Each structure stands twice: as C-alpha cells, then as structure tokens.
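Please work from the sequences and hints to get the whole structure.
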Amino acid sequence: MVASTQGSPKQRQANTRSTGARARRNAKRAQRRSASKTVQSDLQASLRSTTSYASSTDPSKVLDYYATTASLFRFKQRDRCVEELSDGSAKPAACRWFEDNAPNPTPIHRLLQSQLEQTVTKVLHSRGLIDRLVAWSQLDRSAQPSEVDLLRDLEEVITEHSEHLAATWASLLRVSSDKAPECSIRATLTKALLLATKRPDDLEDTLICDEILRGCGIGIDSPIPSTGLWPSDKGPKHSGFGLCLSAATSWKNYASTELYRDQVQETLDREVAKGHMCRLLGCPDFGVVTKLACIVKPSGALRLIDDLRRSGVNERVLSEETVALPGLATAALLLQEMKQRVPQAELVWIEADIASAFRHLPVCVDDRKYLINCVNGCYYQHLRLPFGLRCSPLFWCRYFAAVHRLVKRLAPADPSTGAGMIYVDDVAWITTRESSVSMMVRILLVQATLGLSIAYEKLRITTRPHSLGYEWDVSESTVYLPVEKRTKLMDELKVMLTSGSSKIPVALLERVTGRLTWATQIAPMYSSDLNPFYGLQAVARKHNLFKVSLGPKVLTSASLFYDLLKIPDMAATTASQLLGWGVPDESGTVVVSDASLFGIGGVIFDLEGGPSADLTPQTLTWFSVAYHDVPSIQDLVPWTTATRESEIGPLELLACIIGVVHALRRGARMITVLSDNAATVACMNRKRARSQRMNDTMRKLRKVWPQLGYTVVAEHIKGITNGLADVLSRSTSGTADDLMCGLGQRFDPSSLIRELVNLTL
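Under the UniProt record's numbering, residues 1 to 761 are what the sequence shown spells out, in order.
Some hints here could point you the wrong way.
[What the hints assert, rightly or not] Once the Cα atoms are required to be at most 27 Å apart in a straight line, the calculated BS3-like pairs of lysine-lysine come out as:
1) K252 <-> K547
2) K76 <-> K91
3) K237 <-> K91
4) K553 <-> K542
5) K234 <-> K542
6) K703 <-> K494
7) K291 <-> K369
8) K274 <-> K297
9) K485 <-> K547
10) K542 <-> K291
11) K274 <-> K179
12) K458 <-> K297
13) K488 <-> K547
14) K553 <-> K703
15) K274 <-> K252
16) K291 <-> K274
17) K542 <-> K252
18) K488 <-> K503
19) K458 <-> K488
20) K291 <-> K237
21) K488 <-> K297
22) K339 <-> K76
23) K252 <-> K297
24) K553 <-> K566
25) K566 <-> K485
26) K198 <-> K91
27) K488 <-> K553
In short, the hints are calculated from the structure, not lab data.
No experiment lies behind these values; they were computed from the predicted model shown.
Written out as structure tokens, the structure reads:
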C-alpha cells in the first residue's frame, strides 16, 4: 500500500520522519537537558545555602553554569536549524537532510544502486569524458559554459545511457518504462523507484505520479489533496476578481504584449510545436481567457506571463498544501555540515538546472478551458502547467522533490557524497572535489532517466557558486551580494534620494523594498530599518496609488542602505552568521550581563574548549559600573528616580551591548548572550524591539561595529541562576574586586559608553 493514501493528514504527519532518527535526536536532547538541570540544581542549592546575597554567589559555580548553558544552547541552535529549515523537498519536519543514504538497503535497493553506479562508470569512460570533465571542473565558473563540445557530448552520452538505465530499472522492478501519455516523464517508473527505496516508516508522495499519468487537476473542480509532506496552504493572496467573461474581444493583453505582438505569437506557436499548447478555433464553453504580459530576457527571447490572478483563476484554485522553499540558511547548513563531516577535503558546489520546469507536467483535459490566451484573434490553450498558475509550483516541486529524494537514496552512503537542496528547478549539491564529477553524472542520469529536460549549458562545478541570487565562497563559507546586483540597487536608491520634492513611481518603491528585503538576509541587524519602506508600501497599496512622496524616515533609511552598499565588506557575511552557530559547535564567546537600579555588570569569556574550559585572565573579563560613577549612561537611557525601574529593559540591553562590543573588539565572531531579561533576549535575536529606546541602542551597536560576518544569539536564563552578573550590577567597585579576585581581568567600559553617547543615529 502507498503510505500517502492512508490516514488523515494529522496521522500521516506524525510519520514524516523515521522513528529511529527521532529517538536518537530525543535521546541527545534528554542527555543535554539532564546535564543542564544538574548544574542548575547544584547552583540553586548553593544560592539557598546562605542568607547574604553577595556571599551566596560562588563565582566558580555560576561560571560553570554559564559555560554549560551556553554550550548546550549552541547544540540547541543547531537542532533548531535542522528542524526549522527546508531543503526544498518537503516541509522542515519531513526533510531527511543527511539521512537519506540508507545504511541498510534492501536487496532490490542495492541492485538499483549497482545499476546506477555501473552506468556512471560507462558514461565517464565514453568519449574520454572522465578526464575532460575533471579538467572542465577546474575551470573558472564563468569559463565552463564555453566548453560547448564537452557539454554536447555529455548530453548525448547521458541521453543514450539513461534510456538503457530506464529499461534496466524497469525490468528489476517489473514495471513499464514508458513515458506518461501527455509528457516525457516516466511516472510509473518513478513511483516504483520511490516505493522500492523508501524506508518502512517513510511517508512518500506517489500521488504526484498518478497525477502526471492522468493530467494534473488544478484545484478548481476539486481541491488538490494533501500529501502530508508540505506546509498547509493559506489560500490565495489576492481575491475578489471573479472569473472573466469569455468574450476575448473585450479582454486585451497588456501593453508589453501589444508592443511585441508578432514575437509573442511566434513564441506561442513554438509552444504549440513543442506540445505545450494547442491552437483553438474559438474560446470553448466556460473558457477563461487570461491576459498576457511579456518581458525581454537578456538573450532577447520573450518570457510570457499569464495573469491568472486578474482572470480570477488563481483565487479559485483550492489546495491543501503549498511549497516549502530553501533560503540562504539552508545552503549555510549544508556547507557547515559538510565541513564537519569531511574536514580535510576540498568542497565544491554542483549547480544544475531543469529547462522549462513547469512545462514538463500535463494539465488534465477538463481544466484546460481555464488556461486560454488570445493574440491577434487566435486562441491558444495550455496543455502543460503555465507560469503564473498558483498551483504550478506545488505540482512541479512535488515531482522534483521525489526525484531529489531518489538521488539521495541511490547515491553511495559515504560522507564524501555530500548533500544538496532544490529551489524550484535548480539543484545545489555540495560534495568533495574528488567525488564531484561522479556525483554530477549521478544526478544527471537520474534526472534524464526519469524524463526531465536538463539545461546542460547551466551546469557548473565550482567553489564560487551562484545560488538564490547570491555568490558563495565555499572554501571560506562566505556569501556575497553580487556586484552587479549591488550596483543596480544603489542606482535605484540614488534615484529615491535625489527625487527631492518630486513623487516617485510606486513600482520603484515596490522594487527597492523587495530587493532590500532580499539583501538584508545577509545583514539581519538592519532589517528594522526597512519598516519605513513597508509602511509607505502599505499606504500605496491601500489607496491604489501610482506615485508617492518620500518622507524623512524613508529617506533616512534609504541613505543608510546606500551608504552600506558602498562598502564591499557590508555586502558579505558568513555561514555561521546565517545559522547562529559555528564549527565546532562549542566554540565562541559568551556574554552574560545584568542591570539593576544601582548599575550594570557582566562577564565575558571564551568557550573554545567546551563547557569545562579553564577560565583565565586571557579568556575571562568582567565589568561592574555604578550609574553615579558614569553619569553619561543617563544620556543613553534617560530616567528619573521615579522612572528608572521602568527603564530596566533598555538598561539590560545596554549592559548586553557593552559586553558584545568588548567581545567583538577582542576578536570574537561567534557570541552567545545569556540574560534574565526576556525583552533583551528577544531584541538581540530579532535585531529589533517594540521599544524605540532599545531600537536606538541596537543602532548604536551597528554604528560602533559597522561590520558583518559575526553572530550574536541570545538565550534566556532564570534570574536566580544569573547571580554573578546580578551581583556585579549591584556592587561597589571594591565589593566587585573582592568577589572576582583571581578570576579574570576587569575592564572599564566608561570610554565605550562615551563613544556610544557621541554616536549620532
């Protein structure tokens, strides 16, 4: 029986990961919680054993608790990454990551793997491809597409051997290797492979293979059913349009289409020749004509866009699920994991792309009437899923995710094989230099065998890949904003900054806001500065404006981003910063701080050796400042005697920032903050707060340390366990010195406080 056809969605969801893997993860977490509770219990018992608050604080025990808590938090950060990120093949809870290389394959699974490996060997020894591909992989990324003869030979050899592999696999599985009636995909073979290679407790989406065989129902006459592998769909973003009248004479295409009318029709005729569309004599009964827009690609070809939102089709599409796409953090996770698994190996990144992805999948006959275009009085009907249909990404991602899972299951169970992610029609696979050529051929063979059209001109093996619009440096685990995109964004910001009293088009505002939102993925510290853009964008949408005036807040934010983009170092960050944890997991610096009505205090120490590291003056520093000794603190957080208690949140954040800046200046790049103030923890993790004063303090941090490539993550601890930082915030200078005698080195933050005061926002 197919797992995906049984049980309710909630029942199916419970089995999306293997029981064994879940048990192993839970056992590790229980062990960590037990260790943390033991240290915490000992600490609390110590604190209750005396009546004097200061004397009850044993610095050694508190520091041991801090170190243990920070180390365990690092492991929790890694678990959180795995649990909250998707590799593009399913929702986060259903992603296998590095677990799909089955350690104990069944006999049929081993036979399928063996046939694939034999075919990989045959491909590499055809036409001298192995030496040619190794040499090609050493070329600069920009030079690889120019090897046209090699890529053509590779395509021909892959095509030839994939046909034989399809027949061999089909014979082993006793199924047909025929392609689906309406497309090139071998859906029957795909389904058999999925069932033959999955683990007994795995949930698998074989329903997509059935959809392809009969044609995909787009969810108008009946909802697209749940598989249990993807997130729940929240419905269409836009509604209220309703289905348009079928009279095409009253339904004109967009101006871009009218401008290139003849070229648009030629493009449609080519789609007809490929079998993706057909021509009709007229609009069928209950048919829906969709307006067309087009954009010119860099190559000069046209990209046609069906506006199925305004034709009312998209709002009628009902689906129980939607896609889960990977982000930069997913790529960072894969890279960090591979560096841990094969620490001595040179890593490379395989880039692969599927041509005309959505056009692989057929639309069921009954739903084709909703997908009609009209150009020059000629009617065209989509036979394959079009770009712009709300459910097209889901259908495609479901099938491509199945192919991705097969690649992982059929690849050798060796750490050097690597792992990858998919973003709609793109594959990104990180592996070792030594395994890269074989792994690329393995990916291509599986894709071609199952009937996918590969864009061979986009193949790359590189240490400087382009992924999700960014450029990576694999050896340094660094991600960059590409120069051309940075320049384009700066040009658009300059238009806004020089607009003066003139209004700017809302289209420009939308474009800049979207690009800044994308760009701040590598600079989350600046995400709060996008709020003025979002506010103006909301006003423009609410009132259907075509042009808007820029207020002072928007201009201030635009100027900030323009200045940042001018600095190359501000357009790059690290994988560790994206994830909030580094390699090894326990490395980094810990900052623990507190504030009271008397003053602020904290400790900073390195955790390079793990929870039991020796704390010396070189690795442990601390501070203790009374407000009356440094009056300039009040310039940062103004208060009166009556309001000081209500300002404790901003004061807690200030103490934290002092510790973080001190850690950064002594070379830290991975910082864990422990605080008993929930608002401070939330602000450090979200990089913004509801309090304007706390937001201003965060901006001061950015001003005093205007660099990227560092990570600050915060964890909340109970007040009773934060005794050391608390006592330092309440102590006079002499008391603090006595308490910390022989433990680390004191530093005076007064000059840093003055520096923060003098910074202008």
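We went through each hint and held it up to the structure:
Only pairs whose Cα atoms come within 27 Å are accepted, and K252 paired with K547 is accepted, the gap being roughly 25 Å. A C-alpha spacing of about 20 Å is found between K76 and K91, which places the hinted pair at or below 27 Å, so the restraint holds. A distance of roughly 20 Å separates the Cα atoms of K237 and K91; the hinted pair therefore holds under the 27 Å criterion. Between K553 and K542, the direct Cα distance comes to roughly 20 Å. Compliance with the 27 Å bound is thereby established for this hinted pair.
With a C-alpha separation of about 21 Å, the suggested pairing of K234 with K542 holds against the 27 Å cut-off. Straight-line distance between C-alpha atoms of K703 and K494 comes to about 22 Å, which keeps the hinted pair within the 27 Å bound. Taking the CA atoms of K291 and K369, the gap is about 14 Å. The hint holds against a cut of 27 Å. Taking the CA atoms of K274 and K297, the gap is about 20 Å. The hint holds against a cut of 27 Å.
Distance hint between K485 and K547 is fulfilled; the C-alpha atoms sit about 24 Å from each other, no more than 27 Å. Restraint check for K542 and K291: the C-alpha separation of about 24 Å stays at or below 27 Å, so the hint holds. Annotation: proposed proximity of K274 to K179 holds, straight-line Cα distance about 16 Å (limit 27 Å). A C-alpha spacing of about 16 Å is found between K458 and K297, which places the hinted pair at or below 27 Å, so the restraint holds.
Straight-line distance between C-alpha atoms of K488 and K547 comes to about 21 Å, which keeps the hinted pair within the 27 Å bound. Proximity of K553 to K703 is assessed by CA-CA distance (about 18 Å); at most 27 Å being required, the pair is judged to hold. Distance hint between K274 and K252 is fulfilled; the C-alpha atoms sit about 26 Å from each other, no more than 27 Å. The hinted pair formed by K291 and K274 meets the criterion: a straight-line CA distance of about 22 Å does not exceed 27 Å.
Taken as a hint, the K542 and K252 pair is honoured in the structure, with Cα atoms around 26 Å apart against an allowance of 27 Å. The straight-line distance between the Cα atoms of K488 and K503 is roughly 20 Å, inside the 27 Å bound, and the hint therefore holds. Our distance criterion of 27 Å between C-alpha atoms is met by K458 and K488, whose separation comes to about 24 Å. Distance check on the hinted pair: K291 and K237 sit about 19 Å apart at the alpha-carbon level, within 27 Å; holds.
With a CA separation close to 17 Å, the supplied pair K488 and K297 stays within the 27 Å bound. Between K339 and K76 the CA atoms are separated by roughly 19 Å; this keeps the pair inside 27 Å, and the hint holds. Between K252 and K297, the direct Cα distance comes to roughly 23 Å. Compliance with the 27 Å bound is thereby established for this hinted pair. With a C-alpha separation of about 20 Å, the suggested pairing of K553 with K566 holds against the 27 Å cut-off.
Between K566 and K485 the CA atoms are separated by roughly 12 Å; this keeps the pair inside 27 Å, and the hint holds. With a C-alpha separation of about 17 Å, the suggested pair K198 and K91 falls inside the 27 Å cut-off, and the hint holds. Restraint check for K488 and K553: satisfied, since their Cα atoms lie roughly 22 Å apart, inside the 27 Å limit.
In summary, this structure violates none of the numbered hints.
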